[in-house]
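Protein chains in written order, with our numbering: chain A, 1 to 998; chain B, 999 to 1278.
Think of the hints as simulated: they come from the structure by calculation, not from any bench.
None of these values were measured; they are calculated from a predicted model.
Just so you know, not all the hints are guaranteed correct.
[Claimed, not checked] Straight-line Cα separation of at most 20 Å, DMTMM-like style, residue types lysine to aspartate or glutamate; simulated pairs:
1) B:Lys1204 / A:Asp794
2) A:Lys316 / B:Asp1035
3) B:Lys1149 / A:Asp796
4) A:Lys47 / B:Asp1041
5) A:Lys316 / A:Glu259
6) B:Lys1185 / A:Glu949
7) B:Lys1185 / A:Asp796
8) B:Lys1204 / A:Glu799
9) B:Lys1043 / A:Asp275
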Amino acid sequence: MAEDKKVQPDPITTKSYSVHLLVSMLLLMASLVWAVYDEVEVMRPYKDYQARFRAYYQGFLMNLRPEQAAKEEAIRNSAEYQALNAELNAAEGVVLDRIADLDKRTGRGVIPRMTAARNAFQVLRSEIDALRYQVEVSGDEDDKASIREDIDAIRARVVEVELPLADGSGGTEELELRYGQLEAEFLGMQEARASLQAERLEALEEANRIRAERDALMSDRLVGLGATQIDGLIATMRDFDIGIKQIHLMDIDLVDRCESCHLGIRQPVEIGPTDLIYPVFQSHPRPELLAVHDPERFGCSSCHNGNGRATRNVTKGHGRHKFWLWPMFYRENFEAGCHQCHSREVVTPGGETLNQGRELYMNKGCWGCHRFEGFDSESEELTAVRQQIRNLSSDRDANAKEMRVRLDLGDTSADASAARMHYARAEELRLTNTRVDAELHNLAVEEENLAREVKKFGPSLKEIRLKDRKEWIPVWIKDPHEFRPGSKMPAFRLLDEEVRQISAYLWQNALNGQLVQHPRGSADRGKELFETRGCMGCHSIGEGADQVGGDFAANLSRVGDKMNYDYMVRWIHDPSEVTPDPDVPDALRPRPIMPSLRLTIGEARDIATYLSDQGTGEEFPAADYMDDPAMAAAGQDVIRHYGCAGCHEISGLEEEGRIGTDLTFEGSKPLERLDFALKTHEAELDGWYSHKGFFERKLENPAVFDEGKEREHLERLRMPNFNFNESEIDALTTFLLGAVESTFPEQYRYEPEDERADVQEGWWILTRHNCTGCHQIRPGNESAFMSIPRYTDDPDWAEQFPPQLYTEGARVQPDWLTEFLRNPALSETDVNRNGVRSYLHARMPTFYFSDRQLSKITRFFMARDSQPVPYMPEDMAPLTPSERAIGRQLFISDAAPCLNCHMTGIPSQDVDATAPNFLIAAERLKPNWTYRWMLEPASIAPGTAMPSELFARDAGRWIFQGDIPTAARNYAGDHADLITRYMFQMDSTELSRLQALQ
Amino acid sequence: MKQDCAFSEVNCVLNRNLPAILCASALLLAAACGGDDYFDQYDAKARGSGGSGEDAAASAGVMTTVDPATAATVTGMVSFSGEIPRFPPINMSAEPDCVQLHGGRVPSDRVLVNDGMLQDALIWVSKGLEGKRFPVRTDVVNLDQDGCIYKPHVVAVQAGQALNITNSDPTTHNVHPLPRENREWNKSQTSGAAAIDYAFPRPEMKIAVKCNIHPWMQAYVHVLEHPYFAVTDANGAFEIGNLPPGTYTLQAVHERLGEQEMEFTVGASESTKVSFAFTG
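Excised from the complex, chain A in its bound form (with noise of 0.2 Å):
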């Protein structure tokens, strides 16, 4: 029990925990330096990256420097430079003895005065301004009277001066002089000097402009950096400090540091992906969208997205984790970012990927179950119109009956000024119904022109009738790619018995008519209109690697196959020309969207004819189905199920919405309603858990969601297959990750009010109406005439491409522009034709343009030249009757070959034509326009067949070069402005003198 007893011992006193303590100890130290180095080294990975940047791109600009060096030293050793120096020195030389002569005078003579006669004046006045302080603060007259009296004995003191002579000899002279004397010296002095400064400027003028001149020509001629801005580089590497480089900006509340690491964007020197051995030190690629969007305004991340406070490491820094919602673009999608603030644009410059986005949604007839805000914009403002008519209507009745009630209180009323009150208030009634019946006009006009743009994306299926082979239809519609690869019609994925049942309603319930009967053409004339009258503008014909056309619309290779010959006959005669619905007047029956190309009855039998032999001859299976009265009455639900409404008129379902999601906000779309059904767990692991790989899925195949689903057919996933290849989904997607609500303040925003947004708008028709099929609008955009053969490979056709319009605005007068193209035959009745270039086998359509759009459509073209609107004409001289006979020579001299390609609306002349008429000149030109084509063609319409050089500068005038008459050699005038001016002032008169003399 003793032992029991035994005290145990106090492990605390007993046992040593030294080696506890140590390890802890060493432990904390461990952690404490980690902590130091994790928050000094690992947490500023950036470090590294400017480190290394700093050592490259000192390297790099070393590299740089000799080749740049060099070059600088070719240009100064280059004739020109040399010329401008010698011609620098020469002028700086005849100055240098009065440069000497005046800097002497000022530095030794005007200066040294001046600061001596100052240094005397300034004693005396300071002397005087504290008397003077003293005068105001004393309060006793007495005082004051007494200092002013030693103020005055101040002025009056003669005060002995020895100032240098203002010559600059460098003697000076000895002088008394009282108070104002010395003011009046300092004072003159101080002209002095600005007029010698004056004239020792002026002295310079030639020197420096000499001088202006020389670096002009260094700066114009060098690419690149001069070796001097190279060394200002290079010492600023050498006191480059390390440390976050950031962003902020402080109305959005955007940090971006992404320059911490991408330490090279904007440097002045274009540095390549492999330039600094690693891609991320590389310039900006796009430097031209920097310039207009400078990151110290706009950041990094508001265009990339991505986390711009991140600095962690470069997956955090891009977001690309599942804990950021907005990951940084990927590559091929990153104009998505553009989107957000240029929401009200269809064509962004310079967004080439989310242009072609845009074009798809809208030429693929995305908007026709998806509302797209902007798109299909026009049936929207038609519901809104209507209702603004009704709203007037009924406060108009209103007014109306206020009106009656208030003249009938007003007869009856046994007050007078009662009576009068009543009275005026029924005045005032009957003014605002005044004004309320002028408005409703006006909407009633907007009505009809919206009417007229309202336009389903595919064809009228009330025509099928008449149009399609029958048995083809349910062919068609189980799947439209089967018969015709790359077509814009989507695969359903239908029942056979639904595919039965839409086809015996829209059979049963098309329009039943008559059409024309018409014998056949001739095919080979029509491939040849086919070919070149400008169908293939818009249609392709072939297929696979053959196709050769444009496809904004049907590819034609199978149409025969599939439609009535004299159907085809009326749509391509005028496509305007509708079979007579008993339900719809036509007036209201929207317009297509092929355009009329103005051709005689016979050309559009012999298309006709080639068309309807285009095709395999397939048999379809007979199709007795589709006049069962009970398969149809099933069709319409099908049809309303699948939303077919959306894109075609259909008979009794003239009023369906659309049945698609909107998606103007799609891309900020919160990720969790996106509906990744199954493929939810999938996408996590591989990745593709984000907006763009919902979207690339879903477009590449619209039921993949569907994908393991236990779901009734009626439940399933109804977006239809396009089939898109890669670069049709990349540019969707683009389009769809950058349709996101802006979270930016107005002023970021692409909004414009003024003629920017008439550019805006207009490209919405352009894009729409497939302008860029024949025209080239934007450098860059190649029609679909530039990859058909006939036009790319015989030289004889280089002529005939549809006309450039980069520069329409400031060419033509708006409102020719606008009767041109109501019609482009600039005449009433003879009509099968161009009205300006009657050579080109290719023909201006005429749309069906509403006023409305044929204002827009103006406007764009003349706010992209900044061309005001209206057209002020500019003030022309009319020739003198010398002038006009000098005109008259210059035009048929051999030195001006005008008419040998110009049309002068003269039969004989014009067969072989290969320009505009001129004698439309005054009327559709500009003259200041004209005046500068005749000058510099290839500058306005690359490719043109006007020569350059036509003229050749002398005396301060441009004249025509090579042999000219001795009259215009002697005229003192500009002979390209005597040649507008002459053009301008054209009439048949003068234009049939012309042909007598040549």
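Guided by the hints, dock chain B onto chain A, whose structure is given.
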């Protein structure tokens, strides 16, 4: 030891888990030291993909000088049999000045066959010179506008070699090449004006040259990347000299009749004959 724990739980926990804690901190430290491995990753990738710089150097080509002592020559003829494609005679009536220069009918210059021999065919070495660069030829090739016709109808130059375009006519022409790879230009050239000297910087076959004022005028310029080419003369003959010995493919090109190829081998200082036969 159990009792120990009763007194000092912290120590106990520490004791038991010491190895685990140490490991964890070591791991943490390692992870932290790893930091941002952008540069390592990039280097590894670059090593994997190999040197792309060498390919670039190869495509630029090696400047080659030919030893005149061993230089070879290839000569030959281009014949044409069958029906000659017919083109209507040129109608110059729109330009009386031009009509005067010809005593009546002006035959077309599109396909010229004399005694069964094809004129204006380009003959060039299409294969066998890959990876070699040659100095630019210094001889000047002339394209004259004479009688409102381009003479000759076909010219060939090396990229960078000067083409000298003259106007011998009493009227104004404009010279308008329609290239696809080169820069397009269009200049007027009055009668007696100075020659236009222009060197096409990029190789490109079949550049049509037009005069828009006289739309019947057409010439073709072939721009080649090396100096081994010739255009057949009125007798259908050609000669290409100063060729390094070797095996080559020779191609005959006529802008309307198509292309033909022929392989040949030529030894040092040898001369060989290659003939082409086009049929109508």
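Status of each hint after checking the structure:
{"no.": "1", "hint": "B:Lys1204 / A:Asp794", "in the structure": "holds (11 Å)"}
{"no.": "2", "hint": "A:Lys316 / B:Asp1035", "in the structure": "holds (13 Å)"}
{"no.": "3", "hint": "B:Lys1149 / A:Asp796", "in the structure": "holds (19 Å)"}
{"no.": "4", "hint": "A:Lys47 / B:Asp1041", "in the structure": "holds (19 Å)"}
{"no.": "5", "hint": "A:Lys316 / A:Glu259", "in the structure": "holds (15 Å)"}
{"no.": "6", "hint": "B:Lys1185 / A:Glu949", "in the structure": "holds (6 Å)"}
{"no.": "7", "hint": "B:Lys1185 / A:Asp796", "in the structure": "holds (18 Å)"}
{"no.": "8", "hint": "B:Lys1204 / A:Glu799", "in the structure": "holds (18 Å)"}
{"no.": "9", "hint": "B:Lys1043 / A:Asp275", "in the structure": "holds (17 Å)"}
In terms of the numbered hints stated before, the structure departs from none.
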